[in-house]
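Here the structure of chain V is known, so what remains is to put chains U and Z in place on it, guided by the hints.
Residue numbers (the working numbering), protein chains in the order written: chain V, 1 to 543; chain U, 544 to 734; chain Z, 735 to 1032.
These are computed hints drawn from the structure, not numbers from a lab. All C-beta atoms in this analysis are idealised placements derived from N, C-alpha and C, irrespective of residue type, glycine included. Keep in mind that the hints are not guaranteed to be accurate.
To be verified - Label pairs and their calculated CB-CB ranges: (1) K989(Z) to G599(U): 55 to 65 Å; (2) K14(V) to V613(U): 48 to 58 Å; (3) D810(Z) to M475(V): 29 to 39 Å; (4) T705(U) to R490(V): 40 to 50 Å; (5) T822(Z) to K630(U): 54 to 64 Å; (6) I725(U) to G150(V): 40 to 50 Å; (7) G706(U) to P187(V): 19 to 29 Å; (8) T525(V) to S813(Z): 14 to 24 Å; (9) K956(Z) to G461(V): 16 to 26 Å.
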Amino acid sequence: MYIEDKNSHQTHWKEYFSFSSDHKVIGVQYLVTAFIFFLIGGLLAMIVRAELLTPQLNIVSRSLYNGLFTMHGTIMIFLWILPANLGLANYLVPLMIGARDMAFPKLNAIAFWQIPVVGILLLLSFFLPSGTAQAGWWSYPPVSIQNPSGQFINGEFVWLLAIAISGVSSIMGGVNFVTTIVQMRAPGMTYFRMPVYVWTVLSAQLLQLFCLPALTGAAIMLLFDLSFGTDFFSPFSNGDPIIYQHLFWFYSHPAVYVMALPAFGVFSEVIPAFARKPLFGYKVVAVSSFIIAIVGTFVWVHHMFASATPNWMRIFFMASTMLVAVPTGLKVFAWVATLWQGKIRLETPMLFCLGGIVMFLFAGITGVMMASAPFDIHVNNTYFVVGHFHYVVFGTVTMAIYGGIYFWFPKITGRMYLESWGKLHFWLSFIGANLNFFPMHPVGLQGMLRRVSSYDPEFTGWNVLASLGAFLLGMSTLPFIANMISSSLRGHKVSNNPWNSTGLEWTIPSPPPVENFEEIPTITTEPYNYGEPSRFSIDSRTI
Amino acid sequence: MEGPINRHTSEPAEDHLSFGFPVFLLSESIVFVSFFVTYAILRIKNPHWFPPGVSGLDIPKAAVNTVILVASSIVIHFAERALSRHKLINFRRLWLLTAGMGIIFLIGQAMEWHNMPFGLNAGLAGATFYLLTGFHGLHVLIGVILLLLMYRRSLIPNNYQTGHSGVDAVALFWHFVDVIWIILFFLLYIW
Amino acid sequence: MKPFNIVLLAFFVILIIVTSHWLGQQSYTWLPVPAALEAEPVGDLFSFLVTLGSVIFLGVLGIMLYCLVVYRVAKDDHSDAPAIRGNTKLEITWTIIPIFLVIWITVYSYDIYERMNVLGHLSVVQHHGPLDEPAYAAEPKTLSGPTETIEVIAKQWSWTFHYPNHKVTSSELHLPVNQRVQLKLQSTDVLHGFYVPNFRIKQDIVPNRTIDLSLTPNRIGKYQLEDSQFSGTYFSLMKADVYIDSSEGFKQWLKLMSNQVRKPAKNDAFSEYSQPKQTKFDWPSVTPATPPLVQSSW
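Okay, chain V solo, but in the shape it has when bound (with noise of 0.2 Å):
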């Protein structure tokens, strides 16, 4: 029964549009701005899978199409789902550790206001005369900085910029999602009190401040090889293009841990939730982040197994490389066993996440295949790495983005989504992804080469099959964004705790009052409690 709480506050939708300092104003400015980029993202992969629906050339020019891919995967990883993550993890990670807001606020609004600038300066750069940068979102030297349109504002340097100013909101929001939950905790909140989600928020924020400046050192230095006539990568000046490789993939593997890691701990919040049973493993799914993070710094060579590396070299990170799998699988255990005597609803949040455990075992197993050197030689930029990534990138992260969107609108919104819709916007992004994906595997198998505008005949059937699954994931789009909307503005209102979960969360009013707490609770019990006799302690001061 749904009683109205004089407390809950609804945000004017006017404050949405301002430099907003309430992490709650932010959290949600993240998360709209983020999923219109990832409407724009997918667009153009709509555009370069209606390309391959044929092996030749017909629809786009060779360049238009370098630089549809590196868009769409510039604007994927940067402009959807990092502040995405960011969006989720700035509207709960206070409220789940009995803060107020965030260490800083200030500086919270200023990393946000930045993404649109980025996402502006990439879109604009389609229409300079050289076109956007066309060298895949790994921009490698030397092809990266050959400049065919001699301008000196050119695509790449548009790229460059953008890179630049992404990762100075980046560093901002790491130094306050650190300072926030290691200084911000109610008391009584140990770190071993801390939701999962919370400690997969700090591994992944740890990392963006500790590997990020090393892609900031090689992008500058691109920057300078491209339009200040330096020679830092240049083959025939004595530079090093594999100096570079090492940098940005010193960053860019962790950052696939940045990206995966929240989505693992959305799973961590929502499984308990509709099992209605404890985490199982909790200590060691939290540590676990940890682990997943340190080992995750040590593997980057892994992308360049066939590049120009020693054999000592490609071995030493093979090994590094089949050992992060271990506490990565151990969470995907965890799971399943919390599962297994539970009492289980299947609802959209929990689909989505169920759906995402199960492409995530497959893209784990296809990752651990990659770390294998000798095969991973064989596969290598072929379209089986890209279908291994996108298993994660969407078939876990956005599916996880997802189900924590679900999980936590009547938090946010004060109203329920419509179920119905819910569950038919998870079966067309389950299918639709599934079709778009996996086809991947096959044909990367045979040889097929990623980035290709055209491809040998025989890849055909399974490129169309591909093409079909991404038009599917384009329309699965639909009934969520008018779920969304419809339900923020009509749908039945709830109480403080629809879902009957555990979490600091769900003991303030939806939507929460401006300060969340009105007085901040003290924490006596670990979390998860269901099952548990402190669950329904009477008095809610402390909990």
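Positioned in the frame of chain V, the structure of chains U and Z alone reads:
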């Protein structure tokens, strides 16, 4: 909402800077590390490092600049000590002296650039020299600006009533800039 | 456990093992036909990985589906489930087993990598540079004839093959069957990648460095070389035909070529570039290298 109103939490907002700023500096240092590593690898692979006619960099002048910068770190340390003992006038003088020494360092750097026998585009030596000293110099400049801003704030009466984490942060930044220079000096000049 | 459940579990386990084994056998057909000695161990490795991966995937998926069916409750059931927080024995087991599996895969892969390197068939990737590791000294085993050395020159966007001992330059790569071949990979402009799927070998080509790649082709036929490292506008068109000839056929081809006059090679990138621009979004490209002068049989 202006800032967190912490009923029932222990730390005042100021403490956040004492934690967050060192974390930021650690992160920022990685950018320099990426430059240092690139420089080291390129230098090892290219024993004939300097352009023809150049045997090395001007160590004596750079050594003088180094001494000035290191000394300024000592000065700022005494400035902080003065502040913690509430000796405000001493604090302000030493603080301003630090800024002055920073400016001297920057002038010295600019003069060195002006007299360099090779430019940015003179191969790897040019690229790495100017990138590293330029990036470092930019940080010194930012440090000087921060020092002057803090100096202005120090003139406000009762500015340090609740603590001086801003001063601490800028002083830490100054030490950071100093340490980076020492590493740079050894890598670029002594090597 | 009830007897029925034991039978069900046994059935499930057997089904997984049988299916995984079958998938492992099928996996050989998912790869292109192997045409080099080095390709065969990779096929075995892949089969092993598929089998193991299938066991894990089907096993975990099966348990999940079981839970979703058996433990599902009605929507209006808001009661909590038993507060089981963990099981130390189980957790230790499912930590140790993956560690063991991962070590197994690593050691097996290392072994395969070594075999591709050391057993006289494929020497390691050799670079020429001060910091680079010297290759394992590969003892040539008893294969027919000495190692054939071929220079591979990659540029935006064509492949040229030069046979220094025979003074032949071609845009097709001809290789003698069952004879060790050493390819000297070079690029004149940007990064490229040497990749023939049927060989299971791939190596990025770095400009201003010669990288030595050795292999032993062992199946006569026609294959395709692709540029595997993104190299710019016409990257997709940078392909070349690869012929593995019999020993006699190879010698004949060389003799035929060396008598030919050199003419510009056919080059898809150059042809496409020469066509008029179609749309507004046809951005400036690096000019393709003029087609190299090669001997050919056309």
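Here is what the structure says about each hint:
no.	hint	verdict
1	K989(Z) to G599(U): 55 to 65 Å	holds, 58 Å
2	K14(V) to V613(U): 48 to 58 Å	holds, 53 Å
3	D810(Z) to M475(V): 29 to 39 Å	holds, 32 Å
4	T705(U) to R490(V): 40 to 50 Å	holds, 48 Å
5	T822(Z) to K630(U): 54 to 64 Å	holds, 60 Å
6	I725(U) to G150(V): 40 to 50 Å	holds, 42 Å
7	G706(U) to P187(V): 19 to 29 Å	holds, 22 Å
8	T525(V) to S813(Z): 14 to 24 Å	holds, 19 Å
9	K956(Z) to G461(V): 16 to 26 Å	holds, 22 Å
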